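Enquirer: Given chain A, work out where chains B and C should sit, using these hints.
The listed protein sequences correspond, in order, to chains A, B and C.
Each residue of the first sequence is one higher than the last, beginning at 1 in this note's numbering.
Each residue of the second sequence is one higher than the last, beginning at 1 in this note's numbering.
Each residue of the third sequence is one higher than the last, beginning at 1 in this note's numbering.
Errors might be hidden in some of the hints.
[As the list claims (entries may be wrong)] Subject to a maximum C-alpha distance of 25 angstroms in a straight line, what follows is the list of computed SDA-like cross-link-like pairs (lysine to any residue): (1) C:Lys265 <-> A:Arg165; (2) A:Lys102 <-> A:Arg165; (3) A:Lys47 <-> B:Met456; (4) C:Lys53 <-> B:Ile502; (5) B:Lys272 <-> B:Met456; (6) B:Lys359 <-> B:Pro34.
These are computed hints drawn from the structure, not numbers from a lab.
Quantities reported herein were computed from a predicted structural model and do not represent experimental measurements.
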Amino acid sequence: MKIKKSKGRIVFEVVNYSILAFLAILCIIPFLHLLAVSFSADEFTSKGEVFLIPQGFTMQAYEYLAQKKEFFTALGISVMRTVLGTAISLIVIVMTAYPLSKTDGRFKGRTGFTWFFLITMFLGGGLFATYFLYKQLGLLNNFLVYILPGACDVWFVLMMMNFFRGIPKEIEEAALMDGAGQFTVLFKIYIPLALPSIATIVLFTAIGQWNSWFDGIMFMNDPSKYPLQSYLYTMIVSSDPTKQSGFTLTPEQLEALKNIGGKNLQAAQIFLGILPIALVFPFLQRFFVKGITVGSVKG
Amino acid sequence: MKKSRFVRLCCAMLALLFVVNLVSCFGGKDDNGPDYDDPTRNPFGKYENTVKITGVMEYQAHNDSRVPQSITPDNQAFIRLIKEKLNIEFTYLWKVPPTQYSEKLSLSMLSNELPDIFKVTASDYIALKEAGMLKNLATAYEYASDDVKEYLNRDPDVINRLTDSDGGIYAVPQYSDNRRGVPVMYIRKDWLDELKLSVPTTPDELYTVLKAFKQNKGATCGLAMSNKVSGSYFSISSYMNMFGSSPYSWLLGSDGQLHADEISENSKAALKWLNKLYNEGILAKDVAASTVDAVQADVLGGKCGVVIGPWWQFEYPLGTAIGNGDEWVAAEIPLAEGKSVVVDREQVEFYYVVNKACKNPEALFKMINMYIALDGMPEAAPENGYVWSWCPTQFYDPYDINEQFIHINKQLEIDPKAEGPAPENWTAHMKKLWNAYPEYLIWKEDNFATKYQENMFANIMTRVNKDGAWAQIVNVYDVKKRVVFDEFYGISTPAMSSKGAIMAQEVEEYYLKVIMGEKDIDSTWDAFVSSWRRIGGDDVTAEVNNWYAKQAK
Amino acid sequence: MLLPGIILTLIFKYGSMFGIVMAFQDFNIYKGTFLGQEWASDHGFGNFIYVFKMEKFWQAVFNTLLISGIKIILGIIVPLLLAILINEVSKRWFSRFVQTTFFLPFFLSWVILGSILLEMFSYGGIVNTIIESIFGTRIMFFLDNNWFRTLIILSDVWKGMGYNMVIFLAAIMGVDETLFEATEIDGGNRFQQIVHVMLPSIAPVVILVMTLSIGGLLNGGFDQLLVMYNPMVYEGGDIIDTFVYRLGMFGDRQVDVASAVNLAKSVVTIILMGGTYYFAYKKFDYRIF
Numbered sequence: 001m002k003i004k005k006s007k008g009r010i011v012f013e014v015v016n017y018s019i020l021a022f023l024a025i026l027c028i029i030p031f032l033h034l035l036a037v038s039f040s041a042d043e044f045t046s047k048g049e050v051f052l053i054p055q056g057f058t059m060q061a062y063e064y065l066a067q068k069k070e071f072f073t074a075l076g077i078s079v080m081r082t083v084l085g086t087a088i089s090l091i092v093i094v095m096t097a098y099p100l101s102k103t104d105g106r107f108k109g110r111t112g113f114t115w116f117f118l119i120t121m122f123l124g125g126g127l128f129a130t131y132f133l134y135k136q137l138g139l140l141n142n143f144l145v146y147i148l149p150g151a152c153d154v155w156f157v158l159m160m161m162n163f164f165r166g167i168p169k170e171i172e173e174a175a176l177m178d179g180a181g182q183f184t185v186l187f188k189i190y191i192p193l194a195l196p197s198i199a200t201i202v203l204f205t206a207i208g209q210w211n212s213w214f215d216g217i218m219f220m221n222d223p224s225k226y227p228l229q230s231y232l233y234t235m236i237v238s239s240d241p242t243k244q245s246g247f248t249l250t251p252e253q254l255e256a257l258k259n260i261g262g263k264n265l266q267a268a269q270i271f272l273g274i275l276p277i278a279l280v281f282p283f284l285q286r287f288f289v290k291g292i293t294v295g296s297v298k299g
Numbered sequence: 001m002k003k004s005r006f007v008r009l010c011c012a013m014l015a016l017l018f019v020v021n022l023v024s025c026f027g028g029k030d031d032n033g034p035d036y037d038d039p040t041r042n043p044f045g046k047y048e049n050t051v052k053i054t055g056v057m058e059y060q061a062h063n064d065s066r067v068p069q070s071i072t073p074d075n076q077a078f079i080r081l082i083k084e085k086l087n088i089e090f091t092y093l094w095k096v097p098p099t100q101y102s103e104k105l106s107l108s109m110l111s112n113e114l115p116d117i118f119k120v121t122a123s124d125y126i127a128l129k130e131a132g133m134l135k136n137l138a139t140a141y142e143y144a145s146d147d148v149k150e151y152l153n154r155d156p157d158v159i160n161r162l163t164d165s166d167g168g169i170y171a172v173p174q175y176s177d178n179r180r181g182v183p184v185m186y187i188r189k190d191w192l193d194e195l196k197l198s199v200p201t202t203p204d205e206l207y208t209v210l211k212a213f214k215q216n217k218g219a220t221c222g223l224a225m226s227n228k229v230s231g232s233y234f235s236i237s238s239y240m241n242m243f244g245s246s247p248y249s250w251l252l253g254s255d256g257q258l259h260a261d262e263i264s265e266n267s268k269a270a271l272k273w274l275n276k277l278y279n280e281g282i283l284a285k286d287v288a289a290s291t292v293d294a295v296q297a298d299v300l301g302g303k304c305g306v307v308i309g310p311w312w313q314f315e316y317p318l319g320t321a322i323g324n325g326d327e328w329v330a331a332e333i334p335l336a337e338g339k340s341v342v343v344d345r346e347q348v349e350f351y352y353v354v355n356k357a358c359k360n361p362e363a364l365f366k367m368i369n370m371y372i373a374l375d376g377m378p379e380a381a382p383e384n385g386y387v388w389s390w391c392p393t394q395f396y397d398p399y400d401i402n403e404q405f406i407h408i409n410k411q412l413e414i415d416p417k418a419e420g421p422a423p424e425n426w427t428a429h430m431k432k433l434w435n436a437y438p439e440y441l442i443w444k445e446d447n448f449a450t451k452y453q454e455n456m457f458a459n460i461m462t463r464v465n466k467d468g469a470w471a472q473i474v475n476v477y478d479v480k481k482r483v484v485f486d487e488f489y490g491i492s493t494p495a496m497s498s499k500g501a502i503m504a505q506e507v508e509e510y511y512l513k514v515i516m517g518e519k520d521i522d523s524t525w526d527a528f529v530s531s532w533r534r535i536g537g538d539d540v541t542a543e544v545n546n547w548y549a550k551q552a553k
Numbered sequence: 001m002l003l004p005g006i007i008l009t010l011i012f013k014y015g016s017m018f019g020i021v022m023a024f025q026d027f028n029i030y031k032g033t034f035l036g037q038e039w040a041s042d043h044g045f046g047n048f049i050y051v052f053k054m055e056k057f058w059q060a061v062f063n064t065l066l067i068s069g070i071k072i073i074l075g076i077i078v079p080l081l082l083a084i085l086i087n088e089v090s091k092r093w094f095s096r097f098v099q100t101t102f103f104l105p106f107f108l109s110w111v112i113l114g115s116i117l118l119e120m121f122s123y124g125g126i127v128n129t130i131i132e133s134i135f136g137t138r139i140m141f142f143l144d145n146n147w148f149r150t151l152i153i154l155s156d157v158w159k160g161m162g163y164n165m166v167i168f169l170a171a172i173m174g175v176d177e178t179l180f181e182a183t184e185i186d187g188g189n190r191f192q193q194i195v196h197v198m199l200p201s202i203a204p205v206v207i208l209v210m211t212l213s214i215g216g217l218l219n220g221g222f223d224q225l226l227v228m229y230n231p232m233v234y235e236g237g238d239i240i241d242t243f244v245y246r247l248g249m250f251g252d253r254q255v256d257v258a259s260a261v262n263l264a265k266s267v268v269t270i271i272l273m274g275g276t277y278y279f280a281y282k283k284f285d286y287r288i289f
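Pulled out of the complex, with its shape left as it was, chain A reads as follows:
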């Protein structure tokens, strides 16, 4: 679709580009800051003198991390849980959302099922009950705990359902007339049509998987099984000196305090912890293109 560029259009585009560029800068500043800190010498970072330009440039933090085995183990687990978790979640979500996207007439009890899922978004048994349950199911200290409990995320099911609904019913009816089964309709028609939304779900599920740290800490018994974010938590948050009880540090706490490592090391870890997942987005963007529209398929 070509738009003839009127004068107003040009003004609009200038304004539009400036607004977006300004906001983009706002969003990128914290990262530039982290990056600058990670490349700065500690004597400058601890004085709070580094903002966007590294002072006393050094690669020391990255060199240190490069030989840190735990970091890479955790990274591997994160990648694994993200890939596996996203794949399984996607299958479950699509399969759950598809029937729910039908009208009441076509699928009796649809509303009931929807609420069956919906309620779990707001009502839960709390950590104690959850831990107890996982223990019974043998999920403690088990890699599956990263994947199964969150596989059927209601938020995404509802979103997927909504996207499916936007696909005209005529297509499905036509296919059913031709003798196709529901599975065929789903995989041959709905999924190809819903690629942008599936990309969205993949993106969000992957981010969710990548970012979660609490499950690792609570349900794994050994730090060697932590994903990257849990590992980073032990390195950064839980060694925060302000969390320690001030005056009467035990020698062990004092030692930990001294061992936090420089701010550059922390920043480098945070930065490297984000980098892999931040790369997923540009990769998925190619599914966000126009063209695969209903109209073109119909025609």
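Expert: Relative to chain A, chains B and C alone:
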């Protein structure tokens, strides 16, 4: 109907889950068989049959590059050594970051999978003991090595208070010297000299010095809120101590009753002084939102000339500033006339306890013995895979710093330059300080020209020097005896549990508003006190005094 | 086809719901299990009454509703605008670049972002230096209740805007091109196309996101506030979750109280959602879910 079949399926599954849960709820450990016994009570006796002990761990990565990469908490030297020397096979049920320890321990209690030995806080200890979940350690205590016995008896009161009337004792306390609670003033000596000022000895003099620092150096005062009045370092409460004030402490009044210090006249005076500082611009304009990080940046950036804080501030973070050439020195906290520093009566860091189901409670002591015996031994070197911060039974002399201070200084009287060897019977850390001392002297006499060793030198400035940080504490505590005690060391009373949060909120809000001049202290103080009493202060005071009366018996 | 989803939900979500009983118990973790616990006072409602009687609790409820309400509204409008604006960008590389950057803040946790903001917006911080050079005055963002709320809300909207933006973008991508072409032939300009074609087409998604956001009305952003607030702004910045958190810090592990508050929040939320759903259905004959 499809729907009803679905409902039935749901019900069936839920029922199944509940049954599974119920069964496990009732299933406990069986308690048969007698405990292990060794008539000789050998503290280092090796078991004939392998003894399996479980524990849990507050996991924190270590940053010691000397430790081989392959070392994990499960295969580190201490675990290996207790297997070789004691025949104890130690395994961790779980490891968790320190911030989640208490949560994870709760989960363990709830799901009936407590380890054999573990570390608890005072309130957990009391509650677990009342619930009958702890092992009596009376016999196990006899296995303590001489060193451990000596450490435990440094303050016999602590053990006495732990022991029941029938001789039962259910925990091993790691307590510490309450001298550690005495704040020290750290001040920029080079600035004082430059401005021809002397080290302040009263709050008024300190105010004058701070004002001069502000005018000439643009410096503020090292004080961060970090969301609360007391707690972390650079805290308000260490400054309030100059006036004998210590919020959330309970001090004995002349009437023989305990009084909450949040509402004392001393606290009022301290707040007034702080408000004066704020008005002069000596405190950060948005001090309520100031963070430890920001103050640290000021300290290191030469924008702060005075810090009142704990004994270890030379070691962290002032040591770095000294390395940069800033001349920080320690001085006694400048107390207001007739006022004393408030310290805890009893300072227990944590308790080691043993699960009732454990057959080998003495293993706890054997492991503690071993931990102390290994201190400074070659087999316990980081290069050999020994990570002391990962040991399950860390234990130390509660008076370690005071001991270091006394013994090293005694030896320095004989050997002022530390040229001879350190006495054999010293602890590993004392020897390390001793060995580093000559280099420290050179660094100091060379006018700081030689290489600065941040860790060791800061240790010496803190723990050895006669004008160091610990020396100031000894002056206040032992020489001048200007200390009073926080007499309450029980667990939260019912009213504290239910109303403490609201009361604390009132206190913190009011304190900050007064310091920042939003409220005038003279006209609002009485209203604050009566409001504090009304929302729970009176109830808590009554309960605390009840508790105190019981302790006296 | 529903089966995997149902089984997973049944086991993992409904399976742990027995934990709700905690809200009605006088819970003592040292007693070991869920069964051995005593019921709370007042026929099991003691935990609820205990919290609801505190005056500061209702202050926190008010703050939660206010902060959260604005966050939800802006959290829809801003991303929607961004999505529309980005859709108008014809340069592909720019569109991609901007989308990616908008997403970046989402990856940072509040612990990290909060400390950066505390530094930047402090009285002597860089933001205030800029403000001073323009307006000649400095602002105490963390001490003034109104400024603090503003900062909390805007920074949250900023951090989360990439998320909803992607949803809306995906929805816009799904709009049938032929509809645009139809209005173009009718002589509608771009703005009219957006208002008359695009917005109605993506309305279901917007309404869904809005309804689901209402589910978070009683949350308000615990992580964020915990890092950024201080006693000076309790009055305007204390939300239900931070309030309950502080209760737990003083009373030893008040898990029963916390779970009572959570249950109350859940019930209110479910009623709100049900109400919205019912309203949309009865009034407009529209099913949100």
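Enquirer: Each hint needs a verdict: does it hold in this structure or not?
Expert: Hint-by-hint comparison with the structure:
no., hint, result
1, C:Lys265 <-> A:Arg165, "violated (31 angstroms)"
2, A:Lys102 <-> A:Arg165, "holds (7 angstroms)"
3, A:Lys47 <-> B:Met456, "holds (22 angstroms)"
4, C:Lys53 <-> B:Ile502, "holds (12 angstroms)"
5, B:Lys272 <-> B:Met456, "violated (40 angstroms)"
6, B:Lys359 <-> B:Pro34, "holds (7 angstroms)"
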